[in-house]
Amino acid sequence: MASKLQTVFAIIQCLGGVASVSAFFRPSCPSGWILNAQSCWMAIPDKKIMTDAQAGCKRMDSNSAVPNSKTENDFVFGLFKETWPNAGIGLWLGCTAALPNNTLTCIESLTGSERFYTFVASDRPNRRCLMMDKVEGSRWSLVNCGISRRTICERPATRLTAKTLQCSAISLNHAGHTGSYCLLDHTFSVTQVKSPMQCCIACFKDLNCHSFNLSGNTCQLNNVTISQVDQGKYLKRDENCGYFETKWA
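Residues -23 to -1, 1 to 226 (mature numbering (1 follows the signal peptide of the UniProt record, and there is no 0)) make up the sequence shown, in order.
Just so you know, the hints here were simulated from the structure itself, not pulled from any lab data.
Each hint should be verified, as a subset may be incorrect.
Okay, derived cross-link-like pairs now, DSS-like style, lysine-lysine, Cα gap no bigger than 30 Å in a straight line [stated by the list, open to error]:
1. Lys224 / Lys182
2. Lys58 / Lys25
3. Lys224 / Lys210
4. Lys24 / Lys35
5. Lys111 / Lys171
6. Lys111 / Lys47
7. Lys47 / Lys58
8. Lys25 / Lys111
9. Lys213 / Lys224
10. Lys24 / Lys47
11. Lys171 / Lys182
12. Lys182 / Lys210
Ranges between beta-carbon positions, derived for each pair [to be verified]:
13. Arg116 / Asp29: 22 to 28 Å
14. Ala146 / Asp183: 18 to 24 Å
15. Arg36 / Asp162: 53 to 59 Å
16. Asp38 / Thr164: 45 to 51 Å
17. Thr82 / Thr202: 54 to 60 Å
18. Val167 / Lys210: 32 to 38 Å
19. Pro62 / Val167: 49 to 55 Å
20. Asp38 / Lys224: 29 to 35 Å
Just so you know, these numbers come straight off a predicted model, no measurement behind them.
Using N, Cα and C, we set each Cβ at its ideal position, and we do this for glycine too.
Using the sequences and the hints, build the whole thing.
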């Protein structure tokens, strides 16, 4: 699960004592990968021939980079120059040419599916693999597959996921009385809020918060839940105070 600080909140509502927050987690990448847009990218240190470059990316659940837009092409070119400022001219792209029908087959890195393009026939049939040419300003060129060149692998970033955070008011049955209670002597932060949702989000963002009290506009963040304390000692009945706990729905 993404960390609390990686969360973007939206669509907040409050229904009958339940503060409900839809949280959208940002895409992320495994350690060592670079996040850009919806993809993760990794520059491979060693030069390889085309087949070995593709196999190396496959072993990391990825494919050789195939830019899908000018923006993405500029990013790959920039990463190429930044990683290997003094390297040779060529960076492998995840496309190969098929003769005699002049079809260029590219592996879509985000889905793993194939895309096909028709190209103008080359007068050098041994040039069957696609590279990005640094000298020519990121131009794509068909070249010999058996020459070792640089590789950048691409894989999908962790998808945007949506979950709902619920902060529910707990109506307790304590000492024969059912009603609203506040948890005592375990508050570590007190703030003024305009709605239960603000208190709910404040609790979610703080790693020390496990529950909260809400009395009017006063939000009290607690470092325990009622299941962790002596309820006879630390619960106070108060119809003007609500005790809340958070959970994912």
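Checked hints:
1. Lys224 / Lys182: The given pair, whose Cα atoms are some 13 Å apart, holds under the 30 Å limit.
2. Lys58 / Lys25: holds (18 Å)
3. Lys224 / Lys210: It holds: about 25 Å lies between the C-alpha atoms, which stays within 30 Å.
4. Lys24 / Lys35: The hint holds at about 16 Å.
5. Lys111 / Lys171: violated (56 Å)
6. Lys111 / Lys47: Distance of about 15 Å is within 30 Å: holds.
7. Lys47 / Lys58: Since the Cα atoms of Lys47 and Lys58 sit roughly 16 Å apart, the hinted pair holds (cutoff 30 Å).
8. Lys25 / Lys111: Holds, at roughly 17 Å.
9. Lys213 / Lys224: holds (23 Å)
10. Lys24 / Lys47: holds (25 Å)
11. Lys171 / Lys182: Satisfied, since the Cα-Cα distance of roughly 17 Å is no more than 30 Å.
12. Lys182 / Lys210: Given that 30 Å is the threshold and the Cα spacing comes to 28 Å, the pair holds.
13. Arg116 / Asp29: 22 to 28 Å: Holds, since Arg116 and Asp29 (Cβ atoms, about 24 Å apart) stay within the stated range.
14. Ala146 / Asp183: 18 to 24 Å: Holds: the Cβ-Cβ distance is about 19 Å, inside 18 to 24 Å.
15. Arg36 / Asp162: 53 to 59 Å: Roughly 55 Å apart at Cβ, these two residues keep to the hinted range, so it holds.
16. Asp38 / Thr164: 45 to 51 Å: Given a distance of about 46 Å, which is inside 45 to 51 Å, the answer is holds.
17. Thr82 / Thr202: 54 to 60 Å: Given a distance of about 57 Å, which is inside 54 to 60 Å, the answer is holds.
18. Val167 / Lys210: 32 to 38 Å: Given a distance of about 21 Å, which is not inside 32 to 38 Å, the answer is violated.
19. Pro62 / Val167: 49 to 55 Å: The hinted range 49 to 55 Å holds for Pro62 and Val167, with Cβ atoms some 54 Å apart.
20. Asp38 / Lys224: 29 to 35 Å: Between Asp38 and Lys224, where Cβ atoms are some 32 Å apart, the hint holds.
Violated hints for the displayed structure, listed by number in ascending order: 5, 18.
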